[in-house]
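Trainee: Following the hints, put chain B in place on chain A, whose structure we already have.
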Amino acid sequence: MIEGPLVELDGIGVRIGSTQILRDVDLEIGAGEVVGLFGANGAGKTTALRLIATLIRPAQGSGRVLGADLTSPERYDVRRRIGMIGHTPGIFPELTLGENLRYAARVAGVPADRANEALAAVGLAGAVDRLAGASSHGMQRRTEFARELMIDRSLLLLDEPHSALDRDAVDLVEGLIARKAEEGGAVVVVSHDRDRINKIAHRSVELSGGTLS
Amino acid sequence: MTTGFWHQVAAVVNRDLLRERRRGDVLWVTIPFGAIALLLVPLAVGTDATLLREIGPGMYWVIVMLFGVLVSVGKASSETLPQQDASALLGLDPAAGFVGRTLSATLLMLIFEVVVGVVAVGLYDVSIIGFPWLVVTLLIVAVGLALLGTLTGSIVNSTSAGTALVPLLVAPLSVPLLLGATQSYEGLRLGHSILSWVLLMAAVVLIVAIIGVLTARPLQET
Chain A
1 MIEGPLVELD GIGVRIGSTQ ILRDVDLEIG AGEVVGLFGA NGAGKTTALR LIATLIRPAQ
61 GSGRVLGADL TSPERYDVRR RIGMIGHTPG IFPELTLGEN LRYAARVAGV PADRANEALA
121 AVGLAGAVDR LAGASSHGMQ RRTEFARELM IDRSLLLLDE PHSALDRDAV DLVEGLIARK
181 AEEGGAVVVV SHDRDRINKI AHRSVELSGG TLS
Chain B
1001 MTTGFWHQVA AVVNRDLLRE RRRGDVLWVT IPFGAIALLL VPLAVGTDAT LLREIGPGMY
1061 WVIVMLFGVL VSVGKASSET LPQQDASALL GLDPAAGFVG RTLSATLLML IFEVVVGVVA
1121 VGLYDVSIIG FPWLVVTLLI VAVGLALLGT LTGSIVNSTS AGTALVPLLV APLSVPLLLG
1181 ATQSYEGLRL GHSILSWVLL MAAVVLIVAI IGVLTARPLQ ET
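The listed protein sequences correspond, in order, to chains A and B.
Using the numbering used here, you'd call the opening residue of the first sequence number 1 and step up by one each time.
Using the numbering used here, you'd call the opening residue of the second sequence number 1001 and step up by one each time.
There's no promise every hint is true.
[Stated by the list, open to error] Here are a few chain B residues that face chain A, going by a calculated C-beta distance under 10 Å:
(1) R1015
(2) E1020
(3) Q1084
(4) A1096
(5) D1125
(6) H1192
(7) S1196
Think of the hints as simulated: they come from the structure by calculation, not from any bench.
Even glycine gets a Cβ: it sits at the ideal position worked out from N, Cα and C.
Isolated chain A (complex conformation) (with noise of 0.2 Å):
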């Protein structure tokens, strides 16, 4: 169990090469919410989500993400309890989705059980042996819910979770993000559709020219 915030960021500022894609970011996350994210094109809004997930460091600032020092190797500890669900799949188009959600299970030192479990949960049972790479983006969408399903995170990072969904699909998303909450996770979802995250998020945060306000 983490004592206070699961996300604290303190006058973060991120370099990708020569460019500076964040700067002066102030923000925390207490257990229990759920954060929107908006912003134009090239805010910066999928690094935010990259540094909150402990996979870039921050050229300025401090920050701890579920009790880890962003700087240091024990945020390496807490990147299992961390789920990303980006703009583009991260599966793997030759596998099939049950192939995908094994090796996630098999990385991750999850019963590979769970994995037909978890694809059963998002409506994809009839679609184990498809090809990822053969499957609607909305399919692969659900896979990689059925992963963050299966995995045991904190912290969930949806960029733009709605996009390629159907209905049942949306319905599944929400409901995902409501019990992560209620079970004391938190989720930052970044999205340009303001009005159906204002629906579900607790507050929302804009990024604007690299800045937050």
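Mentor: Just chain B now, kept in the frame of chain A:
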């Protein structure tokens, strides 16, 4: 629940071999091109049997080096950023990822060496001498090239220079392997000890393996 290093290595090997089975890049593109390259040499230098027998082993190793690096670099650099992110957030140890990618590339390299070797024996009338030592040499070269390619692929993935860096990185590092492989065959042919050449290749493999494992995390974080 956490998972062990070798369990993760096995998951990566299984994933990469499944991907290769479906894509067929190595089996249906690189191997045939390697064989065709060996077929083209006699067209350039003539079909004199003695000459072909003389240059056959050297040509074989040059083809194995050139195409072998392509095999392993291709495997290592074929992961997109979202795929790498997803694996990192599953808790994949970067060193386990490196070892897994290297092992799957080694297996593909061994298949490449055997198939191209059969072509070399048939076309150049190359003799198979000192079979146990030849197997050792083939294995060391396969592991060495897989390591080199995987390390280079990781560097390529982590820099903006892209594949332009590949020849610059691979060429100097593969020279000791090429030298060791050709001199080992020559030593076997002449009945000399090849232990020093085998040790040279093994040393290169060990050094690249250590560098690869130690730099796996920093390269992932770049």
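Trainee: For each hint, tell me whether it holds in the structure or not.
Mentor: So, going through the hints one by one against the coordinates:
Given the 10 Å rule on beta carbons, the hint for B/R1015 holds: about 5 Å separates it from the nearest Cβ of chain A. This hint holds: B/E1020 has a C-beta 8 Å from the nearest C-beta of chain A, less than the 10 Å allowed. The closest approach between the C-beta of B/Q1084 and any C-beta of chain A is roughly 8 Å, which is under the 10 Å cut-off, so the hint is satisfied. The closest approach between the C-beta of B/A1096 and any C-beta of chain A is roughly 8 Å, which is under the 10 Å cut-off, so the hint is satisfied.
Evaluation of the B/D1125 hint against chain A yields a violated restraint, the C-beta minimum of about 39 Å exceeding 10 Å. Given the 10 Å rule on beta carbons, the hint for B/H1192 is violated: about 46 Å separates it from the nearest Cβ of chain A. Taking 10 Å as the C-beta contact cut-off toward chain A, the hint placing B/S1196 at the interface is violated, the least distance being around 41 Å.
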